[in-house]
Amino acid sequence: MLKAPLLAALAVLTASASPGSALGQAAPVALPTAAGMTRGYGDRAPAGATAVDYSQRDASGNLVIVNGGRDPLPGGSSFPGWSAPGQTAVAIGNQITVDASGSWNTIIIDAVQTNTGDITARTGASAPTND
Amino acid sequence: MKKFVILGLALTAFAGAAEAQSVSTTQTNSSTVKSKLNATVEDVQKDVSLTSAAIGNSLTVEGTSGSYVTNTQRFWGDATAELNGTIRDVNGDVTATAAAIANSATINVDGAGSISNTQMANYDPSATLNGTISDVAGDVSATAAAISNSASISGDFGYANSYQANGAFVGSTANVTVREVNASVTATSAAIGNSLSITGF
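For the protein sequence lines, the chains are A and B, in the order given.
The working numbering numbers the first residue of the first sequence as 1 and each following residue consecutively.
The working numbering numbers the first residue of the second sequence as 1001 and each following residue consecutively.
None of these hints come from the bench; they were simulated from the model.
The reader is advised that the hints may include incorrect statements.
[Claimed, not checked] Pairwise CB distance ranges (calculated):
| id | chain 1 | residue 1 | chain 2 | residue 2 | range |
| --- | --- | --- | --- | --- | --- |
| 1 | A | I108 | B | S1024 | 16 to 26 Å |
| 2 | B | N1038 | A | S60 | 40 to 50 Å |
| 3 | A | G61 | B | V1044 | 47 to 57 Å |
| 4 | A | T116 | B | T1026 | 19 to 29 Å |
| 5 | B | T1040 | A | R122 | 19 to 29 Å |
| 6 | B | N1182 | A | G124 | 47 to 57 Å |
Here a beta-carbon is modelled for each residue, glycine too, at the ideal position from N, C-alpha and C.
Can you make the complete structure from the sequences, with help from the hints?
Written out as structure tokens, the structure reads:
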């Protein structure tokens, strides 16, 4: 599996090291790149000379799989709270937070969370004007 | 500074790094856990911190190196925390917290093959904060937090499994009146059914 991209990469390097137009040769033809031949999962960009986007992983290369999926926050709820300057009310049924500090880890989380109760958060903050 | 904390069941395990150990705990609490703090504080030169906390089951595991850590917590009682505070004329910061937690587990391992966490809560954690705060030179932070199941797992481990079930009403209320504060003011009311935090790798 790795031969094709490696060979392609070598071809690119070899071509780059060849003499340029200063030696009287014709302008080089655009060369294929390793990225152009190897399409990673989730890479929906058109084929071309762009790098493969391994978008499943974060900037440190960690891959988080929660309950068999790649969504690190099952349920996909956005911030469920309400806030005003200086005050915040947050009501959350189920919450999973994964913080990976290392690099190139594959983290598999097997978690079950069931919430059948009512969740209520209230805040009544006030700042009366000065007398 | 005043702190008022009630723990229904609390367990803390500290293990030496050189020893290979496994931890298996089960906590069941069917009673009512209540914490109520009424406080009036004034003319303080430094900081003021008021805390009212009611916790059904609490587990802390630190530094274990072994094959497994297993935690099971069941809470069938009420956990109620109430803080009624009047605070004025403070030169430092003011912190007021009312926290009600049914099950809490903090597991931090040096190295473990597997970690299994099971938490169930069926009755109602509620936190209420009523505060009147005035004439403060520093920051003011007021928090009411009610949580049924909370687990924090960190360290070096191979596999983690967690099951959390909440069937309880979870309610938090923060009623705060603030005036004449020179720095920042934050008031937070948070109610959470199940929370799992995993850190490490």
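Each hint tested on the structure:
1. A:I108 to B:S1024: 16 to 26 Å: The hinted range 16 to 26 Å holds for A:I108 and B:S1024, with Cβ atoms some 22 Å apart.
2. B:N1038 to A:S60: 40 to 50 Å: holds, 49 Å
3. A:G61 to B:V1044: 47 to 57 Å: holds, 50 Å
4. A:T116 to B:T1026: 19 to 29 Å: holds, 23 Å
5. B:T1040 to A:R122: 19 to 29 Å: holds, 24 Å
6. B:N1182 to A:G124: 47 to 57 Å: Between B:N1182 and A:G124, where Cβ atoms are some 23 Å apart, the hint is violated.
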